[in-house]
Amino acid sequence: MVKTVPLSAGNGGEENSELISRVFYKAFKNDILLKSEDAALLDIDGKVAMSTDSFTVTPLFFNGGDIGKLSICGTCNDLAMMGAKPKYLTVGFIIEEGFGYRELEKIVRSMKKELEINGAVIVSGDTKVMPKGTIDKVIINTTGVGEVNYEGISSNSITEDDLILVSRDIGSHGATIFTAREGIELSSNLKSDCASLYPIVKALLDERVKITALRDATRGGLSAVLNEWARQSDICIEIDEESIPVSQEVFGVCEMLGFEPTMLANEGTFCLAINRDDAFRALEVLKRFNENAQIIGKVTDAHKKRVVLNSSYGTKRFLDTPTGELLPRIC
Amino acid sequence: MKESLELKNLYDDFRDSKTIKAYSKLIHQEAKKLNRNINIMEVCGGHTHTIMKYGLPQLMPKNIKFIHGPGCPVCIMPKHRIDHAYTLAMQEDVILVTLGDMIKVPGSKGSLQQARAKGADVRFVYSPMECIKISKDNPDKKIIFFAIGFETTTPMTAGLIDVVIRQNIKNILFHINHVTVPEVMEELINSRDEHIDSYNNQIDAFLGPSHVSVIAGAKIYEKFPKEYHRPVVVSGFEPVDVMEGVLMILKQFNENRCENEIQYKRVVSFEGNIKAQEMIERYFKKASLFKWRGLGNVSNSGWKLKEEYSYLDAEVIYKDILPIEEIEDHKLCICGDILRGIAHPTECTIFGTACKPNNPVGSCMVSSEGACAAYYKYGNLI
Chain S
332 MVKTVPLSAG NGGEENSELI SRVFYKAFKN DILLKSEDAA LLDIDGKVAM STDSFTVTPL
392 FFNGGDIGKL SICGTCNDLA MMGAKPKYLT VGFIIEEGFG YRELEKIVRS MKKELEINGA
452 VIVSGDTKVM PKGTIDKVII NTTGVGEVNY EGISSNSITE DDLILVSRDI GSHGATIFTA
512 REGIELSSNL KSDCASLYPI VKALLDERVK ITALRDATRG GLSAVLNEWA RQSDICIEID
572 EESIPVSQEV FGVCEMLGFE PTMLANEGTF CLAINRDDAF RALEVLKRFN ENAQIIGKVT
632 DAHKKRVVLN SSYGTKRFLD TPTGELLPRI C
Chain R
6 MKESLELKNL YDDFRDSKTI KAYSKLIHQE AKKLNRNINI MEVCGGHTHT IMKYGLPQLM
66 PKNIKFIHGP GCPVCIMPKH RIDHAYTLAM QEDVILVTLG DMIKVPGSKG SLQQARAKGA
126 DVRFVYSPME CIKISKDNPD KKIIFFAIGF ETTTPMTAGL IDVVIRQNIK NILFHINHVT
186 VPEVMEELIN SRDEHIDSYN NQIDAFLGPS HVSVIAGAKI YEKFPKEYHR PVVVSGFEPV
246 DVMEGVLMIL KQFNENRCEN EIQYKRVVSF EGNIKAQEMI ERYFKKASLF KWRGLGNVSN
306 SGWKLKEEYS YLDAEVIYKD ILPIEEIEDH KLCICGDILR GIAHPTECTI FGTACKPNNP
366 VGSCMVSSEG ACAAYYKYGN LI
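Chains as they are written, first to last, in this note's numbering: chain S, 332 to 662; chain R, 6 to 387.
Simulated from the structure, these hints should not be mistaken for laboratory data.
Values in this document were obtained by computation on a predicted structure and should not be read as measured data.
All the given hints hold, so there is nothing to weed out.
Derived PhoX-like pairs: lysine-lysine, alpha-carbon spacing no greater than 25 Å straight-line:
hint, chain 1, residue 1, chain 2, residue 2
1, R, K58, S, K629
2, R, K58, S, K636
3, R, K58, S, K635
4, R, K13, S, K647
5, R, K361, S, K636
6, R, K361, S, K635
7, S, K443, S, K366
8, S, K522, R, K13
9, R, K23, S, K647
10, S, K533, S, K443
11, R, K70, S, K647
Model the full assembly from the supplied sequences, consistent with the hints where possible.
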């Protein structure tokens with residue numbers, strides 16, 4: 332019989348201990364966690380970055396990752412975007428009664444692997460089990476703290492001295508999830524970009540690249556990040572449309588469904604605002620990790636708080652923030 | 006090495022910046038020879054989307070303007086039809102199935118998205134044929150296909166009806182909202198401005214909807230040059246297609262021709278897809294009136310199921326619960342004038358304030374293919 336998580340595994344009793352020791356401690360064990368105190372005691376030097384995020388995704392397992400990998404990348408990437416080295420994470424699992432043990436173990440293994448890439452550990456955790464039908468399979472919350480290695484990164488301080496870069500081709504996570512969820516049968520190499528970004532940020536810092544702002548282009552995609560930056564820094568960002576890297580697979584999905592690659596979510600792609608003097612050096616570093624990294628635009632005062640796309644044949648349009656649920660156009 | 010066709014081979018040349026620039030130059034040359042303004046209506050929402058996305062108005066001379074037509078099937082759906090969908094979706098044993106962004110359009114009770122949030126089973130599909138799998142997976146439910154779209158999508162609905170009848174599938178029903186293009190084009194030309202009691206539409210020529218013509222043929226536009234003296238060029242959807250279509254229209258004016266031409270020869274023929282046309286004729290007949298959101302009643306512009314198939318018709322089967330009251334468009338909304346080319350989206354007092362894409366008041370803001378939504382989204386930097 333397939334072993335599943337019973338409702339009683341969330342009540343603090345024996346089934347709860349079994350779940351914790353067999354699944355969670357087994358994967359996440361470290362000195363702080365194994366002390367099993369009411370709260371974890373942490374040693375951190377200097378300024379601390381902290382971030383939290385909750386994760387729900389359908390399907391749970393997709394090409395390029397799963398909800399476990401996502402839950403570690405998501406929080407660690409937010410820390411890395413502030414120039415911090417991810418150190419300690421807490422994790423909260425909310426599990427639907429009857430969820431498969433094997434799937435849960437698979438999710439936890441992905442988390443372990445991703446924690447190692449970041450050099451971070453889980454120091455505290457919580458599990459709740461909800462009656463069948465009240466939630467969709469499993470929801471994971473992670474909260475993380477990191478040591479700030481580079482101070483001054485801010486989305487509020489981008490100026491006309493900066494160039495705008497993107498770390499790789501955009502939209503592959505959104506395209507992968509959308510086609511998987513809607514059961515669009517495509518034979519393609521579509522794969523989510525889900526990945527930890529700290530190693531890339533570390534390489535930039537090691538090269539002493541001067542960073543103005545970093546932001547991972549998750550929900551809302553590239554267009555959301557650029558619009559947030561334009562508003563927060565009271566600037567106009569002008570993007571050269573042809574320079575935005577988009578893979579053939581993502582472009583294909585967009586053509587078919589009437590989406591824009593700039594609106595699709597990413598889980599391992601980030602935007603950079605870098606001083607002109609350092610931008611090309613930053614690009615070299617980014618290209619070591621992904622050859623599709625690109626300088627895509629500049630900062631001007633043409634239309635403050637707006638993002639302008641310039642076409643190669645001389646027309647301009649605004650790039651707007653996506654709203655509402657992504658729905659395909661009809662014709 | 007294996008030669009393979011990549012997706013970009015299909016569109017690259019039609020988005021080529023040098024070609025677009027070259028057409029822009031030719032259009033400027035032709036436009037200079039004209040001593041008048043020309044307003045071109047692109048009827049189809051797909052064209053509106055291309056024109057706004059690629060910023061094509063910025064490449065036009067001052068005397069050439071686009072008027073954005075009513076060719077978006079989602080936008081023109083009147084509220085009372087959406088209320089039908091909402092009411093059907095809220096029935097216990099019903100799965101309501103429709104296409105794409107239809108589910109976000111608000112009726113008077115709310116949108117299908119909101120019905121879904123209240124527990125209704127609403128699904129969107131890419132092909133009507135997906136209804137067959139849904140019906141097999143849910144034998145104890147009624148699957149109602151809320152069919153929308155122009156000539157382009159009508160044969161797909163007819164195809165599903167054909168399968169339902171041949172396979173004797175008992176739990177798929179239809180709510181038909183298919184509409185046709187030529188009738189509404191005539192309506193736009195003939196419409197009278199009620200305030201000043203005169204015919205004052207501004208349309209000088211049409212860019213003909215081409216995927217409509219893949220099915221119905223270019224022949225459906227014959228009457229426009231002949232009876233209404235409006236040239237038609239059936240154009241494709243890529244920016245190069247639209248630019249060439251505009252150039253062909255201007256040449257007709259300069260050469261004193263008034264014809265029905267095809268730019269999109271790679272897929273459109275004069276006769277169209279005869280098999281698809283037969284399939285439509287087999288199951289559907291024209292409804293005497295269809296109310297278009299923003300435009301009002303247009304005669305002979307909609308399809309309905311023939312009487313002998315009324316056992317598949319959700320409008321007949323559920324007639325006791327479907328609301329019959331027709332709902333007027335919002336008083337401040339000027340979509341009707343925009344669709345006739347009399348007004349511009351930005352002239353509307355509620356554009357971008359009370360009326361936005363995530364809370365549309367009027368038809369043109371509903372889908373990204375509507376004129377107001379396209380203006381809101383892409384702006385107009387010139």
